[in-house]
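Chemist: These protein sequences, in sequence, are chains A and B. If you count by our numbering, then the first sequence holds residues 136 to 268, one letter each, in order. If you count by our numbering, then the second sequence holds residues 37 to 174, one letter each, in order.
Hints listed in this document are in silico derivations from the structure and should not be mistaken for laboratory results. No residue lacks a Cβ here, since even glycine has one placed at the ideal position from N, Cα and C. Incorrect hints may have been included.
Stated by the list, open to error - Stretches of chain B that chain A covers, calculated by requiring three or more beta carbons in the stretch to come under 8 Å of a beta carbon on chain A:
1) 45-55
2) 70-79
3) 131-140
Listed here are the chains, written in short residue letters.
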Amino acid sequence: MSRGQSLVELAVCAPLIVLLTLWTAAAVQVIDASAGLQAATQAAAAEASRAPDATTADRLARARFQAMVADYPLRSPHLSISSGGFSRTDEVIATASGAVDISWARLFFPGRLMLSSRAAVPLESWRSRGPVL
Amino acid sequence: MKSSEGGQVLAFFAIAMPVVLLPVAAYALDATMLAGRESALQAATAQAAETAAQQINVRALRSTGVLSLDAAATRLVLEQALAEEEPGARIDSSAATNAEVSVATSEPVRLPFSMFTDTVVLHAHATARLVAGYETPA
Numbered sequence: 136m137s138r139g140q141s142l143v144e145l146a147v148c149a150p151l152i153v154l155l156t157l158w159t160a161a162a163v164q165v166i167d168a169s170a171g172l173q174a175a176t177q178a179a180a181a182e183a184s185r186a187p188d189a190t191t192a193d194r195l196a197r198a199r200f201q202a203m204v205a206d207y208p209l210r211s212p213h214l215s216i217s218s219g220g221f222s223r224t225d226e227v228i229a230t231a232s233g234a235v236d237i238s239w240a241r242l243f244f245p246g247r248l249m250l251s252s253r254a255a256v257p258l259e260s261w262r263s264r265g266p267v268l
Numbered sequence: 037m038k039s040s041e042g043g044q045v046l047a048f049f050a051i052a053m054p055v056v057l058l059p060v061a062a063y064a065l066d067a068t069m070l071a072g073r074e075s076a077l078q079a080a081t082a083q084a085a086e087t088a089a090q091q092i093n094v095r096a097l098r099s100t101g102v103l104s105l106d107a108a109a110t111r112l113v114l115e116q117a118l119a120e121e122e123p124g125a126r127i128d129s130s131a132a133t134n135a136e137v138s139v140a141t142s143e144p145v146r147l148p149f150s151m152f153t154d155t156v157v158l159h160a161h162a163t164a165r166l167v168a169g170y171e172t173p174a
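Based on the provided sequences and hints, a complete structural model is requested.
Modeler: Shown next, in the form of structure tokens:
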């Protein structure tokens, strides 16, 4: 009467376990990528705020951003930097976006999630700087 | 298998799911989220300290030529910078000596999945120094 019952029960339960495992792994990957993108954006804005001029600020911020996002599971990371006229009262606004690829679990989830982050850091007011004062 | 042993696998999963598997999954999510929040708090604290360390006491600089910090402005900037970056964080202590700002912050973080505790309090500490000159920034 109960021949094969264990197999049926396992067949019922196993997909739940697999789904739970996949969901957990995908969620951890998304949370990790989101934290990484936020940290990289913040670091890029902080780096730009210490630069002597707008061009250097943009270059340093991008280099810092790329170095940081490389450690996180992010695809096509993009950073835009706005520093106004780079005067002493301005602030650097960094806006970043990137995608997290969870296509390995696309049977249950969307294959790609877009993330975005923003950070604002005031320019260092006493620092020596370029032509704009 | 005897008929009296039927349903053992279901019974095992019925016990293992809430006791082992769900808490492990909850822990993985909470730990990842907590690590991200802790690094964000540390970054916000460091940024607030750096911004505060730029609050030069202009009056003292003009009268004595010595670089020092304006303690009142330092505290105000610390609060503003931290509120902007991490609205849930608060300043536990801060100290501004002549040219150095130290700040300790904390932030209660709610764990959405934990079955054992609702909230964890994160702590961060940062120090920034006011140093003259561009080539060797603090």
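Chemist: If a hint holds in the structure, say so; if it does not, say that too.
Modeler: Status of each hint after checking the structure:
no. : hint    : result
1   : 45-55   : holds (count 4)
2   : 70-79   : holds (count 6)
3   : 131-140 : violated (count 0)
When held up to the earlier numbered hints, the structure conflicts with hint 3 and nothing else.
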